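Residue numbers (UniProt numbering), protein chains in the order written: chain A, 1 to 255; chain B, 1 to 255; chain C, 1 to 255; chain D, 1 to 255; chain E, 1 to 255; chain F, 1 to 255; chain G, 1 to 255; chain H, 1 to 255.
Derived by calculation from the structure, the hints in this document are not laboratory data.
No farther apart than 20 Å at their CA atoms in a straight line, the calculated lysine to aspartate or glutamate pairs in the EDC-like style are these:
| id | chain 1 | residue 1 | chain 2 | residue 2 |
| --- | --- | --- | --- | --- |
| 1 | E | Lys14 | H | Glu19 |
| 2 | C | Lys195 | D | Glu118 |
| 3 | D | Lys195 | C | Glu120 |
| 4 | H | Lys65 | H | Glu85 |
| 5 | A | Lys105 | F | Glu57 |
| 6 | D | Lys195 | C | Asp142 |
| 7 | E | Lys12 | H | Glu8 |
| 8 | F | Lys65 | F | Glu93 |
| 9 | F | Lys195 | H | Glu116 |
| 10 | A | Lys14 | D | Glu8 |
| 11 | D | Lys168 | D | Glu116 |
Keep in mind that this is a model prediction, so the values were computed, not measured.
Single-letter residue listing:
Protein chains: 8
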Amino acid sequence: MNNKDIRELLAKVKNGNLEVDQAMGQLKDLPFSDLGYAKVDHHRSLRNGYPEVIYCEGKSNEEIKGIVTNMLERGNNILATRAEEEVYHALEELTDDIEYYERSKIIVIQQEEVAETESEILVVTGGTSDIPVAQEAVITADMLGNTVKRLYDVGVAGIHRLLGNQDKLKEANIIIVVAGMEGALASVVSGLVDKPVIAVPTSVGYGAHFDGVASLLSMLNSCASGLGVVNIDNGFGAGYLASTINRQIEQARNN
Amino acid sequence: MNNKDIRELLAKVKNGNLEVDQAMGQLKDLPFSDLGYAKVDHHRSLRNGYPEVIYCEGKSNEEIKGIVTNMLERGNNILATRAEEEVYHALEELTDDIEYYERSKIIVIQQEEVAETESEILVVTGGTSDIPVAQEAVITADMLGNTVKRLYDVGVAGIHRLLGNQDKLKEANIIIVVAGMEGALASVVSGLVDKPVIAVPTSVGYGAHFDGVASLLSMLNSCASGLGVVNIDNGFGAGYLASTINRQIEQARNN
Amino acid sequence: MNNKDIRELLAKVKNGNLEVDQAMGQLKDLPFSDLGYAKVDHHRSLRNGYPEVIYCEGKSNEEIKGIVTNMLERGNNILATRAEEEVYHALEELTDDIEYYERSKIIVIQQEEVAETESEILVVTGGTSDIPVAQEAVITADMLGNTVKRLYDVGVAGIHRLLGNQDKLKEANIIIVVAGMEGALASVVSGLVDKPVIAVPTSVGYGAHFDGVASLLSMLNSCASGLGVVNIDNGFGAGYLASTINRQIEQARNN
Amino acid sequence: MNNKDIRELLAKVKNGNLEVDQAMGQLKDLPFSDLGYAKVDHHRSLRNGYPEVIYCEGKSNEEIKGIVTNMLERGNNILATRAEEEVYHALEELTDDIEYYERSKIIVIQQEEVAETESEILVVTGGTSDIPVAQEAVITADMLGNTVKRLYDVGVAGIHRLLGNQDKLKEANIIIVVAGMEGALASVVSGLVDKPVIAVPTSVGYGAHFDGVASLLSMLNSCASGLGVVNIDNGFGAGYLASTINRQIEQARNN
Amino acid sequence: MNNKDIRELLAKVKNGNLEVDQAMGQLKDLPFSDLGYAKVDHHRSLRNGYPEVIYCEGKSNEEIKGIVTNMLERGNNILATRAEEEVYHALEELTDDIEYYERSKIIVIQQEEVAETESEILVVTGGTSDIPVAQEAVITADMLGNTVKRLYDVGVAGIHRLLGNQDKLKEANIIIVVAGMEGALASVVSGLVDKPVIAVPTSVGYGAHFDGVASLLSMLNSCASGLGVVNIDNGFGAGYLASTINRQIEQARNN
Amino acid sequence: MNNKDIRELLAKVKNGNLEVDQAMGQLKDLPFSDLGYAKVDHHRSLRNGYPEVIYCEGKSNEEIKGIVTNMLERGNNILATRAEEEVYHALEELTDDIEYYERSKIIVIQQEEVAETESEILVVTGGTSDIPVAQEAVITADMLGNTVKRLYDVGVAGIHRLLGNQDKLKEANIIIVVAGMEGALASVVSGLVDKPVIAVPTSVGYGAHFDGVASLLSMLNSCASGLGVVNIDNGFGAGYLASTINRQIEQARNN
Amino acid sequence: MNNKDIRELLAKVKNGNLEVDQAMGQLKDLPFSDLGYAKVDHHRSLRNGYPEVIYCEGKSNEEIKGIVTNMLERGNNILATRAEEEVYHALEELTDDIEYYERSKIIVIQQEEVAETESEILVVTGGTSDIPVAQEAVITADMLGNTVKRLYDVGVAGIHRLLGNQDKLKEANIIIVVAGMEGALASVVSGLVDKPVIAVPTSVGYGAHFDGVASLLSMLNSCASGLGVVNIDNGFGAGYLASTINRQIEQARNN
Amino acid sequence: MNNKDIRELLAKVKNGNLEVDQAMGQLKDLPFSDLGYAKVDHHRSLRNGYPEVIYCEGKSNEEIKGIVTNMLERGNNILATRAEEEVYHALEELTDDIEYYERSKIIVIQQEEVAETESEILVVTGGTSDIPVAQEAVITADMLGNTVKRLYDVGVAGIHRLLGNQDKLKEANIIIVVAGMEGALASVVSGLVDKPVIAVPTSVGYGAHFDGVASLLSMLNSCASGLGVVNIDNGFGAGYLASTINRQIEQARNN
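Let the sequences and hints guide you as you build the complete structure.
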């Protein structure tokens with residue numbers, strides 16, 4: 001509710017077109033549903049056609065089912081991240097429009113079509129082992145209405161694999177680099193292009209990799225300017241950030 | 001040099017329009033100057049009208065002067081980051097078009113005008129102590145040709161300061177949040193808008209802040225989706241990333 | 001045994017009202033039972049009507065049963081924290097007045113009624129996944145005789161959920177904020193009120209969350225003044241601290 | 001501005017007693033002063049008679065002077081923490097009611113009297129080296145209108161020093177324990193009393209003390225229930241938290 | 001083989017009482033058995049009547065059986081630490097003189113009697129959960145021929161439990177303190193006595209305990225002088241160190 | 001494709017001996033196979049007779065089978081590291097020339113003979129528990145065509161075991177030291193010889209060993225000059241590095 | 001005051017040989033002097049002939065002078081650790097019996113003779129750079145009445161230097177090993193002898209040494225049994241612990 | 001002294017060609033000079049023509065002068081690392097054959113010529129700021145008799161700078177990569193060549209670089225096989241390791 005809305009509401013009260021109690025109600029009736037254990041936030045999806053998102057870790061199956069039931073009633077698309085297989089089976093009881101990506105632990109419930117953007121997001125991985133995280137980014141960006149391309153297994157140990165695919169880097173508007181180990185790929189890609197690069201460190205590695213810390217630090221300290229880094233294994237966050245960027249681009253294109 | 005360029009070059013060789021040695025030269029003559037201790041990379045600025053950037057820490061004044069002398073000859077704008085005051089004095093001998101921002105330790109040498117974008121980047125800080133880092137982001141984005149606005153000292157300890165400025169958040173296309181301490185501002189801002197938010201943790205804090213680690217972890221673990229995080233105190237990186245995003249937006253607008 | 005007690009004891013010895021051996025006994029007979037592997041401390045509950053508390057992790061079921069058997073004889077209420085389900089089954093054999101909260105891993109054995117305070121403790125969570133820890137705080141404070149209210153799932157990613165519940169914050173005398181991820185909720189709540197706020201970081205998160213470290217550091221570095229922080233996932237400690245505060249408030253009220 | 005205020009405002013608009021523009025103004029005119037680089041928050045002091053607080057680290061002397069000048073106009077007491085001596089000299093130019101505690105790096109500007117509470121806060125230290133941090137807590141609590149007592153240098157290496165002072169622990173309503181090294185004093189004190197204990201780890205130590213981390217972890221992991229911990233060397237935060245507790249106690253006493 | 005031995009050997013060679021090859025053999029025949037995957041070191045037990053010790057973690061059952069078979073032939077006592085139950089079952093096939101302490105994961109094979117020292121080692125624990133580690137120390141010291149006493153569950157949260165047992169501290173010659181959580185017990189004990197105190201941090205705790213790091217740092221930073229600290233959960237090392245000290249005491253007594 | 005190759009290619013184009021499209025093909029046909037989820041890199045093995053290597057962690061069995069199938073067609077030897085037993089069973093279906101080293105989690109598929117070098121690599125371990133990692137180094141170096149010797153269980157706690165085997169150290173050209181615990185063996189070996197020493201820290205240890213960090217730091221800080229350190233438990237990397245060194249030695253010998 | 005003392009005191013009260021107030025006084029008059037900012041603990045020196053010790057870091061010169069003045073009156077020897085040179089100059093004003101060891105930052109004020117023990121403590125260092133810490137141990141042990149020997153610069157990079165001095169190791173009763181870098185010397189020495197070894201990690205090193213952490217972890221994880229470790233650079237603690245051990249040995253010898 | 005030497009010595013004793021005391025002397029006269037505070041080890045230089053090396057940090061100027069004086073008498077070349085300028089001035093008094101490299105803090109005293117190897121060591125840096133560390137490696141390798149080449153400022157942010165210099169990589173036998181920031185250069189170089197690559201992480205960076213930790217972890221986790229890593233900023237160690245490798249190569253060449 002922005003300044004303009006408030007001014008209009010006040011004007012209606014002044015003109016007698018709105019009772020004080022009604023005005024109170026409008027000011028107070030915030031766009032979330034209260035389930036007791038969860039306040040479902042329909043805010044963003046109402047405004048944006050965005051899917052609603054549930055982070056499943058630490059929630060009981062019953063809680064997740066309650067939240068999803070509430071969401072389904074509104075007809076929105078739903079993305080459930082960090083979902084174990086048993087969550088999937090629990091939600092299967094609620095709807096048939098459901099798909100489970102086991103290695104990415106992500107559930108997609110698609111109730112309505114999403115448009116595709118003209119601009120492209122390219123998701124690049126260092127190795128094959130990084131694909132589950134990359135897939136989380138791909139699905140997220142896709143559900144948010146973006147055109148998404150992939151370029152997998154082009155890590156710097158054999159840099160000709162990347163250099164041989166520079167055309168793909170050039171065609172993209174936003175690039176997500178998903179890499180474990182030393183995560184050097186993010187720096188190299190960022191040095192090759194002049195567009196937004198989002199770096200996703202993965203926990204692929206062992207020993208002094210410390211479950212992704214080595215990749216994370218590598219990306220935060222990139223000698224290439226202007227990488228935006230998300231949490232370790234946070235494909236969802238990268239896909240979401242890429243989408244907010246792409247939305248700005250599309251809006252400019254359509255103006 | 002892309003596939004099309006190579007094909008054309010080969011065609012010229014075939015047609016006798018280009019000698020083998022000339023072709024070799026074109027394939028090999030990469031756009032950097034070799035100073036021995038530094039390979040000055042004119043690549044980006046040539047292509048983009050971008051300023052050239054020097055990271056000063058760890059370089060001797062002589063080295064920096066050598067590099068800047070080389071850059072000045074090409075007429076580019078120059079940004080020198082992490083520059084102690086003595087670096088500024090050393091460079092003053094080379095040019096008058098130079099300005100030093102002491103608390104941000106940044107030197108600007110502006111030799112040519114830069115255009116302004118239609119889209120806006122908004123730089124927000126949690127406290128007054130975060131301003132030197134914010135200023136680095138502002139100057140960087142400005143030098144890269146962006147329209148930049150500021151909203152300072154709106155940290156979450158008095159959240160009405162932020163909520164009272166939501167219009168500024170709405171007007172911006174890209175938001176950079178600069179915050180030390182617990183860095184919660186990034187999450188709150190990101191929850192209020194639906195646009196790209198770049199988070200810059202600062203080293204403002206003490207004790208268990210660990211010189212910025214607390215802010216950094218806070219931002220990487222934001223419950224708000226899709227923050228892109230840069231290194232601690234890396235105002236430059238945030239300004240640069242915001243600029244690459246803005247460039248995509250402007251290109252879309254102009255198509 | 002304070003100075004006054006000692007003086008009285010000495011006076012009785014002097015007056016011949018107490019034998020030296022009896023005096024020795026009183027000086028030595030400390031209020032704990034020695035089970036060999038555990039010294040059960042009845043001290044606090046005797047004095048306070050407090051329940052007795054067992055930290056179960058690392059103790060064998062036999063040891064826990066021995067300790068609880070000893071406690072049951074004294075008629076006190078008992079709180080067993082960090083208790084696996086098998087501990088619950090072992091204790092079920094000892095008493096029927098037993099309840100197990102599976103997700104909070106807490107066992108309650110209530111043998112006597114506890115009074116309710118006039119002042120209120122409000123337990124707030126950032127997300128649904130933080131509820132098991134919040135529940136530990138709720139049960140602990142409840143068992144210690146406090147009036148406890150709840151406000152769940154009001155994290156800062158959708159700050160209108162919190163702002164829409166400010167009345168609940170205002171009614172409380174002490175607030176416990178339970179939050180994982182970046183734990184920013186504690187700072188925002190603390191900035192909105194002017195009362196004791198106890199912050200409980202949770203291990204809800206992944207990657208660079210480091211099992212709660214990110215939330216912990218965030219809370220320790222809050223830009224809002226005067227948060228008291230407890231260990232990661234330590235709902236018990238928060239409930240206990242809130243109760244000691246409430247006890248001081250109630251005592252002042254009753255004077 | 002709470003629900004009741006909004007209802008009244010809306011009623012005035014309805015009755016024509018308030019113009020829409022005036023209502024907008026009242027809704028928007030939030031109680032802070034905007035200095036550009038700082039938004040001075042008079043909120044709390046207006047409501048509470050609390051002093052206004054400035055965290056000086058990272059702010060320029062000019063900025064601090066600007067903020068204090070603004071505060072002085074309102075007649076509030078002022079507390080400047082983490083202030084180097086040069087800050088003190090800069091502020092001396094503005095007022096004579098100023099005092100500087102060099103080892104605690106705290107500046108006090110007292111423009112109005114503060115009342116004293118009936119309840120007592122006791123500040124305890126492990127060693128003599130912890131006194132500067134303890135002093136920060138003492139001054140903060142004192143400025144916030146509390147009765148404060150001290151018990152210094154009673155660390156656990158000579159536990160008879162603490163045991164010989166148990167009467168002081170008993171007389172206090174809230175205890176702040178300030179300790180470096182292994183910080184064990186907090187646990188021992190907390191085990192001896194049944195009241196709120198706030199633990200302040202200090203950076204007193206060396207080697208594997210890691211500038212206070214050892215004390216911090218020790219206090220967070222106390223085997224004694226219900227310690228509230230603040231950041232390393234954060235005497236201010238402890239004094240502030242103690243004061244919010246004491247305020248609740250006093251309010252109950254006066255009801 | 002010390003200087004005197006070498007001189008005698010050389011003298012025998014000179015005198016023709018020893019052939020060069022024999023001398024070579026004596027110089028080379030080091031007291032260990034080579035099993036290929038393990039060099040069993042009989043050195044210490046030969047010299048000292050000490051048991052032989054195997055660290056089981058990371059060794060296959062076959063390897064452990066091979067090593068123990070070799071040891072059994074020499075008639076020594078054997079201590080196997082960090083042994084899973086399946087190791088115990090594997091070794092049961094080799095000998096009947098075997099005992100397994102499940103919670104301490106330690107196996108004792110006693111083939112010969114060990115004497116008892118006059119001096120006493122006292123093993124103290126903070127809580128009941130620390131007993132498995134304490135037991136490792138007790139068994140180790142016992143197997144090495146020491147008189148060992150125990151004082152369990154006297155942590156500082158109820159310090160009267162420790163103060164009520166000061167006589168036991170006074171009777172001991174060497175004290176091992178085993179404590180998790182904040183490990184404060186080591187400091188308090190060390191402050192009460194004037195004898196060697198060996199501190200064993202345990203992994204008993206959670207959250208910011210970091211699997212024993214909090215206890216470890218606490219003990220390394222003790223304000224009480226002269227604690228010797230061993231690795232987290234290293235009851236064996238503490239028992240062994242106590243025994244080397246006791247051996248020096250006994251030797252002095254017997255001179 | 002080096003400068004000389006490009007010049008020849010250009011000359012052929014000029015002379016009409018090569019069509020533009022053919023030239024394009026040669027410039028673009030990089031030596032890797034694209035499986036979509038993986039770009040198999042035949043580069044090194046083609047050039048060197050080296051085996052192809054797969055890092056199995058994080059890859060699905062189907063992906064691994066796809067990659068190996070592609071490799072088998074080229075007749076190369078294959079090394080699969082970090083392979084669970086189920087990977088082995090999946091690959092058994094593809095070929096009989098396969099061997100699985102369970103404790104080292106390494107799979108060897110040998111399709112062609114490898115030569116042996118004249119120079120020797122010696123793999124030394126501190127304890128028996130380090131052998132699985134050592135074995136990974138041995139197999140890797142062996143598959144890469146090196147002569148490999150072993151010296152196991154010669155840790156510094158019984159230094160005579162090492163000193164009694166100095167001849168083996170002298171005969172080797174390159175030494176790999178594999179050690180957990182405090183990893184001191186690497187320093188001692190490096191002090192005894194004057195040849196390349198590669199240090200492999202292992203995760204053998206507990207408590208403050210932090211899964212290999214203690215050994216890693218120990219080796220990085222060796223007081224003996226010139227150790228090359230690889231990641232924790234990275235026997236493969238050590239074997240590979242030793243092999244690149246040996247290859248240089250052999251090339252010099254054969255010139 | 002032990003059980004026997006209390007019984008006697010009670011008997012005197014009973015017999016009228018002691019008034020209640022006197023008895024109170026004796027029970028309360030604990031052996032420390034209260035300076036307000038410091039409670040000087042004469043306990044140990046009274047009982048033991050031990051010097052009194054001041055940890056100077058974080059104390060003002062005035063505080064240190066106050067404490068030392070109080071100590072001097074009792075005629076005890078005094079040891080001031082972590083003392084900057086200006087502390088030395090401040091104390092020079094109080095007494096002439098004062099000596100300052102600049103590199104060890106330790107001040108000795110010797111007012112009375114100390115006896116020498118028959119048993120020997122040997123202090124060994126890895127390098128020359130470790131000597132300042134070793135010297136702190138030597139002086140501490142010396143002041144506490146022990147016979148102390150030295151063996152410096154025998155680090156494991158040239159192990160023959162240590163092996164050539166095994167006789168010194170054999171003659172000692174207790175060995176203190178002071179080492180930085182990878183700290184391997186402690187393990188090697190401990191493996192060579194069968195007596196108490198106290199390990200002192202030093203901050204000598206750089207980079208991944210982390211100011212002593214590498215040495216500390218190395219010593220805590222020693223593969224040689226039974227090292228007792230003290231804090232980084234804590235020569236004082238090592239000297240003190242060695243002395244408590246030696247005191248037990250001497251007592252046994254003299255019985 | 002190997003087996004053969006001992007056998008010959010024993011034979012001489014047997015034959016009466018060597019007295020027992022002489023034999024003792026030969027067995028005991030180890031090749032180091034004892035200065036009390038330092039045992040100068042002439043071992044390696046005697047055998048190898050290697051320079052003697054002093055690590056200066058933590059040593060007093062007097063100690064360093066004493067050690068160098070002893071070394072100078074033997075006519076060896078000397079390398080002093082981590083030497084502050086005042087050390088240089090102290091040593092200037094001893095000899096004129098001395099040179100100081102200020103930014104690398106290394107002193108070279110060259111008393112005799114060193115030969116050059118046929119094989120080449122190439123030292124590569126990511127940036128200009130890494131040169132001081134690279135220079136330490138260059139000087140060390142040079143003093144040890146190696147042919148050393150340089151390739152500076154070819155970091156991955158502009159990868160064409162590296163790719164344009166592949167010929168230099170091909171000509172080298174051993175490559176040392178010196179890089180700060182994210183240290184990705186080591187992986188990229190290692191992927192381009194098939195020879196020993198030694199990686200030196202530098203402390204060039206800020207914030208989450210943690211003084212070199214980010215570069216170190218990056219290099220330890222390289223996706224390119226077989227990097228040998230040395231400590232942060234340890235140019236000396238890299239030069240030394242490269243030299244031991246080169247020595248093996250040269251020996252093979254000369255056989």
